[in-house]
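The lines below spell out each chain.
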Amino acid sequence: MNRYPLWKSLLFAGVMLLALVLALPNVFGEAPALQLSRKDGELFKDSAAAQRFVDVLAAGNVKPDTAYVQDGRVILRFGDVPEQLKARDLIEASQPGAFAIATTFASRAPSWVRAVGLKPMSLGLDLRGGIYLVYQVDVDGAVKQTLQRLERDYRLALREKRIPYESVDGSAGAIVVTLKDGSNPEDARAALAAVDPNVTLAVTGASIRATLSDVQVKQRQDFAIQQNITALGNRVNALGVSEASVQRQGADRIAVQLPGVQDASEVIRLLGKTATLEFRMVDQTGNPIEAQQTGRAPLGTKLYKERRTNRPVLLKREVIVSGEQLTDATSTFQQGEPAVSIRLDARGGEEMLRTTRENLGKPMAVVFIERERQLREQNGEKVAVDVTREEVINVATIRGVFSNQFQITGLTSREGQELAKLLRAGALAAPVYIVEQRLIGPSLGQENIDRGVRALLIGSGLLFLFMIVYYSAFGLVADIVLICNVVLLTACLSLFGAALTLPGIAGIMLTVGMAVDANILIYERIREELRNGNSPHAAIKAGFEKAFSAIFDANVTTAIAGVVLFLFGTGPIKGFAVVLTIGIATTLFTAVVGSRTIVGLIWGRRSQIRRLPV
Amino acid sequence: MEILHKVPRIRFMAQRKIAYVLSALIVIGSIAAEAVNGLNLAVDFTGGVVIEANYAKAADLDATRAALNSAGYHEAQVQIFGSSRDVLVRLPPLGANDSANAVTAKIEATLRTVDSGVQIRRTEVVGPQVGKELVYKGMQAMAITVLLILVYIAFRFRWKFGVGAVLATLHDPFVVVGVFAITGMTFDLSVLAAVLAVIGYSINETVVVFDRVRELFPVMRKEQPIEVFDRAINETLSRTLITKFATLIVVVALYAFGGETLRGFGLALIVGILAVTYSSMYVASGVALDLGSSHRDLMPSERRAPVDDLP
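Chains H and W supply the protein sequences, listed in that same order.
For what it's worth, this note's numbering labels the leading residue of the first sequence as 1, then goes sequentially.
For what it's worth, this note's numbering labels the leading residue of the second sequence as 615, then goes sequentially.
Just so you know, not all the hints are guaranteed correct.
Ranges of calculated distance between the beta carbons of each label pair, as one might list FRET restraints [said to hold, decoys possible]:
hint : chain 1 : residue 1 : chain 2 : residue 2 : range
1    : W       : His619    : H       : Leu18     : 41 to 49 Å
2    : W       : Ser730    : H       : Asp153    : 57 to 65 Å
3    : W       : Phe769    : H       : Val387    : 56 to 64 Å
4    : H       : Asn532    : W       : Ala638    : 38 to 46 Å
Within a straight-line C-alpha distance of at most 20 Å, the following computed DMTMM-like cross-link-like pairs (lysine to aspartate or glutamate) qualify [claimed, not checked]:
hint : chain 1 : residue 1 : chain 2 : residue 2
5    : H       : Lys305    : H       : Asp263
6    : H       : Lys305    : H       : Glu415
7    : H       : Lys63     : H       : Glu92
8    : W       : Lys620    : W       : Glu841
9    : H       : Lys180    : H       : Asp169
10   : H       : Lys574    : H       : Asp71
11   : H       : Lys546    : W       : Asp802
12   : W       : Lys720    : W       : Asp700
13   : H       : Lys316    : H       : Glu391
14   : W       : Lys620    : H       : Glu529
15   : W       : Lys620    : H       : Glu528
16   : H       : Lys541    : W       : Glu829
17   : W       : Lys858    : H       : Glu528
18   : H       : Lys45     : H       : Asp55
19   : W       : Lys671    : H       : Asp214
20   : H       : Lys144    : H       : Asp222
21   : W       : Lys631    : W       : Glu829
22   : H       : Lys305    : H       : Asp214
23   : W       : Lys620    : W       : Glu849
24   : H       : Lys119    : H       : Glu151
25   : H       : Lys541    : W       : Asp802
26   : H       : Lys144    : H       : Glu160
27   : W       : Lys836    : W       : Glu849
28   : W       : Lys858    : H       : Asp252
29   : H       : Lys574    : W       : Asp700
30   : H       : Lys302    : H       : Glu318
31   : H       : Lys546    : W       : Glu849
32   : W       : Lys751    : H       : Asp252
33   : W       : Lys751    : W       : Asp700
34   : H       : Lys161    : H       : Glu151
35   : H       : Lys362    : H       : Glu318
36   : H       : Lys362    : H       : Glu351
37   : H       : Lys316    : H       : Asp263
38   : W       : Lys720    : H       : Asp263
39   : H       : Lys574    : W       : Glu829
40   : H       : Lys144    : H       : Asp181
Worth flagging that the hints you see were computed from the coordinates, not collected in a lab.
Don't be surprised by glycine CBs; every beta carbon is placed ideally from N, CA and C.
Model the full structure from these sequences, guided by the hints.
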């Protein structure tokens, strides 16, 4: 008799059952879907919300396959892409500007699968198509900004305390304050320390040197990256892309993944820009065309161009309200026309109230100021330069008195949406620029899936055939074990929420190739034992036992390579490493415990075996 | 079915000196090929721009080159990628003033003049700094992998085995990289991943042979170490051949059916597996043998006599 301990067999059966359930969602595939979220930041709560959209669509003769609420967002799944796009237009038209509508993919799995929280593996960018961006954060620039701010504050503090000084210079990585004769350095030091007690101050004679400690520099840099991640995250969210990710990469980089997004230039423009607004009164006395010709604006005015018409406009120099006072901006529709609804803080509201009261019936302009950081070569050195573009996007007559809440009209729907997004996103903390940009088209993604799956099927099909030809019944056992291995691996990847990439598919194939090795080691050992004249039962037992040390050591060393790959790799290498490492664990389990269970099940109960089909 | 009905008695270790010379030639040849041909490093490592475009009809490469040249991209490389309609355009890293977007948009427009139905399937823009870091990280990963494996083998077997395993392991990437240098195939990130997988695979192989050596030493007390090694290799030979064949089936399928993106990966693994088979038999065992592995190394250690002359 050659039974495998019952508890081990049960363990294997239990694990495989669980794995089957976890891997199940992957079987159903995906279909085009819409993901809706409310622009006001509120969440959708119950299925009634989803039903409302179904009703809206029913009016337009579009019927989603399914509609449900997940994480506060409504998911609507459709049969094909034309349906999906038609539905998007219907929803946008029903309540224009109220929802962020993202085109995405949703699993075809039945609702109970979703209800118990099972999710399929997500597809990586190379399989789904999309944009991958790596931003370099200019951390030194962030530190410089801190020094500049400190420099300003020091001047202010010294003036307030009436301490005469020669100069405050922050150009050389530290701030040097040179005092005038007669100033008490101790008083000055105290005044400076009050500004920021954490800055190191060194007094030598009449000058004080302020330096940031290493810890402070590090903190400032980390903060800059965190703030950028938040800002980029906000902007990415504003794009309404599902499954988007913004992650820190290494010391000073941020990687952004936008699956399914295709318009790279648009996205990059939106992510990398900072924008603000200024509200100014239009000057009605001067002649803008004359000013444009002479290149000279009359006193107290400034010459601008209108964005769409390219006409010159003269605006008064005084700014009524500027971007910092803006608290919210959303794109809406007003009387069927696209509009951007704007909210101001209390001070901005006061200013606006005063201005509108005094200038009823007069035109007011909205100036859009956009800053883009570009790298320029200057004396052979790369210098980041801010490029500012100022233009009038809207001139409207003040029709009523308003304060902290009002609308800008006269934009196209698209312009309105973009403007609202940019205004909401706020300013970036430290300059960023793109060091890596990859775009994968959707057709290439689908092709990669098709090819990867085809290679997987052909490769494993041939391998399965070979094993049966070579090891007959035991070969079949090996094939079953290999299938168990792939199921278990899929289950683990789904459980960890790992994204499947093309190198990942290659990793699965390599796992299959290496898992077969464990089986071959065991079977060759069994054959050897049989040749040495052992009984079939003894041969099975010895085969498994003696092959174990080789299987174990071989897999541990490969696992070492896998883990190092994971720790040092980025992007595709990481995806490969994850699959390889998890694959080794599942291989060890299925080849050792699984094989033994199945072999025990078939041959273990027989008291006599005449010939072992190996 | 069985390919080797009896355990063969090939005297592998007698030929190990020839194998050393061959290995030395391979490594030198690989380095020479890299020095002469250079590796066709992908944009992942060099930085630069890659644009994959799908033409509506068979691509006219000369017209494409001419169009790009007149658009100011004199250094553009244009090649067929997969089918005759797929074209790959490569540019050196962008200058500081170029925006990645503007360049890819301009190239798209230029390609459109050659074939109005062109579709951009993929664009990659990588800064030169990113590439340099990748090379550095790849090297670092390789070094750490090798070091950790050395420690593990030394711990599970003996240090002599560890040295043999590491030398065999270092040998294999040379073969793969050499083949890429000679064929001029693009060496990209996924090929690097394949090379690192080959390292893991190589160790895997070596361990199987060493495991058998470890098992045979106690039962072959009378024989010379060289005979133990030979017997271990011979006894595992049938498994080695079958496993290699089985894995090759899978990897060749990747190479042949996985599409252009997986072709390099597949080739690296095919070459790697062949190299691994050779190096695990000859290099790893040979070095372990020549370092003087003997029965004493792998016998259960004798219990030390109690220390009794301490104060």
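Next on the checklist: I'd like to know which numbered hints this structure contradicts. Please list them from smallest to largest.
Outcome noted: Numbers 5, 10, 11, 19, 21, 22, 24, 25, 26, 28, 29, 33, 37, 39, 40 - these are the hints that the structure violates, sorted from lowest upward.
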